[in-house]
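A.B. asks: Listed here are the chains, written in short residue letters.
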Amino acid sequence: MNTDHNWSSLDNAALIFPAAAQKADTQVFRISCELYEKIDPVILQSALDQTIQIFHVYQSVLKRGFFWYYLESTDRKPVVHEENTQPCATLYRKNSKNLLFDVSYFKNRINLEVYHVLADGTGAVHFLRTLMTKYLSLHHQIDEPNLDFDASATQMSDDSFRKYYRGSSRKKQTRRAFACRLRGHKYPEDRLKIMTGLIKIQPLLDAAHRHHTTLTVFLAACLMNAISETVHERTKKRPIVLDIPVNLRSHFPSASARNFFSVLLIGYDYWHHDGTFEDVVKKISDDLRAGLSKEKLTQVIETYSAVEHNIFARITPLIIKDPALKVAYRYAARRKTAGFSNLGIVSMPQELESFIRSFDICYGSNQLQVCMCSFQDRLSISFSSPFVSSEIQRRFFRTLTSLGAEVEITASPTGDVKEGGPKHEVLRKM
Amino acid sequence: MKYCEKCKVSIRGKDTNCPLCQNRLSGTDEEELYPFVPTIYRQYELFFKLLIFSTITIGVLCVAVNLILPDSGYWSLFVVVGIACFWISLIYALQKKGNIPNNITAQVFILSLLSIGWDWITDWRGWSLNYVIPIGCSVAMISLAIIAKVTKMPAEDYIVYFIIDILFGIVPLILYLTGQVGFIIPSVICISLSVLSLTALILFEGKNVLREMAKNFHV
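As given, the protein sequences belong to chains A and B, one line each in that order. First residue of the first sequence: 1, per the numbering used here; consecutive thereafter. First residue of the second sequence: 1, per the numbering used here; consecutive thereafter.
Each hint can be trusted.
Cross-link-like lysine-lysine pairs, in silico, DSS-like; alpha carbons within 25 angstroms at most: (1) B:Lys97 <-> A:Lys97; (2) A:Lys326 <-> B:Lys96; (3) B:Lys49 <-> A:Lys94; (4) A:Lys94 <-> B:Lys152; (5) A:Lys63 <-> A:Lys77; (6) B:Lys96 <-> B:Lys152; (7) A:Lys200 <-> B:Lys8; (8) B:Lys149 <-> A:Lys77; (9) B:Lys14 <-> A:Lys186; (10) B:Lys97 <-> A:Lys63.
Residues from chain B that face chain A, not an exhaustive set, calculated with beta carbons under 10 angstroms: (11) Val37; (12) Asn103; (13) Lys215; (14) Phe217; (15) His218.
Derived by calculation from the structure, the hints in this document are not laboratory data. Idealized CB from N, CA, C, for every residue including glycine.
Please take these sequences and the hints and turn them into a complete structure.
C.D. replies: What follows is the structure in structure tokens.
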């Protein structure tokens, strides 16, 4: 702490978040791990104390400089507490010096909530895996097994965008058309409905293989069709676009525990195309393949970073930059219908796997967001949505059950009971 | 575990209806999986509504009386401007209530601007430059130094604001040199304090000052 360098600038992907965050769009994601037994808060706290020493980069607060925001390391220690907020509630408050992540527990479940400025899903999963390994080893008095995660403190706090930015001349990106947007009544107080489906993965893999594609593409197509069947015919003049984050670590070597991702916008135009399942699958898989080429991803890093390195952007005071970024973010949000992110397989040391029921992840945003990850033979798909209507979720999960998949749903309470009912009345009675 | 016949999905928790299709569920209750989070009513909301309403009432009454009695001059204008000043200052103070150094600095700045404006529309007697600005700056510097010492505030929390206060303390010097100041005692005190603070800051916190500058002004 007593070093001269107790701060770091935000990484490229994080720059947009402080400007864009608001009560209804908190930019906080939650990764939970459910066990088969009750959580012991005392052991969890000591596991967290050990974990934060490894992930020192997470012990930071967000501050405003004159030109940019920055992360400043702090002595403040994270404290575990029983879950007492809505999932993905705001973590960063202006003028208060709180940490940008939070660990809570409820019955059998441990939640790690992270403000996206600090890290992306992959970075946070490493944190949670370390925490769970330490917790379970302490709780069951097992020798702590080694995780397959190896990174020095420098590697973890590395800004990989900066590392891979070459500053070569960039090509002009093609402008995308506005996308079909979801509308409808929202829950009061900016609450989100989190609906998590835990599904045996095998029937889904079989179905994906029948369509000669991957699980991600198959589920993205199911989601796109569910959206297409739900929205008004008229709004489909605009394409339905999914915002799919790509983990850049699998394309550019990096062990950063901070942000290192990019997003692909994959759209399908139901107005001009027939919208058969095969066609949607083909379009998504072609677009994904094109978007994931090394050349394309390098180009994306160049384009993103060029904005940050632009001299005019750098010398504009934050007080002007902030509202400008907010407008840019809103404008960009109009180019996507929903978010769809696959965190992939979460692995744990073999001797600890039997204690864990599931992992799941969800994200606090003001549009429909689908997040998934898998653990052992089960896939967890979480819908987080500010909308009262759950038509898209119903269509999506019914598609999966019609394929013979067993689905187990967990829904977060939002204070209401019936869809379309007098919500405020109900709230007051409770 | 509960079950929805229509959706063919199992539902965990205590819901009576399917979260997907709202049909009734069969099966037995389980423990709830999320805590109950009560609705948060915004604190003090009524208090502020009453405060807003009463200040607006005062403003409207004054303007109305003034219009009925036009011979008494434009005194209601001062009331309205006064109310606006009160609200600007209060809103800022509440927004930044967690950051005292920022609040002190900003309040001095707001009050100085408002006093100049006030002085200007009332025939420019110069009291804003003679008294308000130098006294405000002095108070800001002294109080910030005391608060930082007493609460053992870490350097990164106050240094930038202290520097801004010191720089602001130079304004009376400029005013003095350009002959704008009639009554010089407050200005002289403020300038002396400013020079002393700057010296102390460089001597005792020089390293922290450089680090804070690098952080706050990195481009």
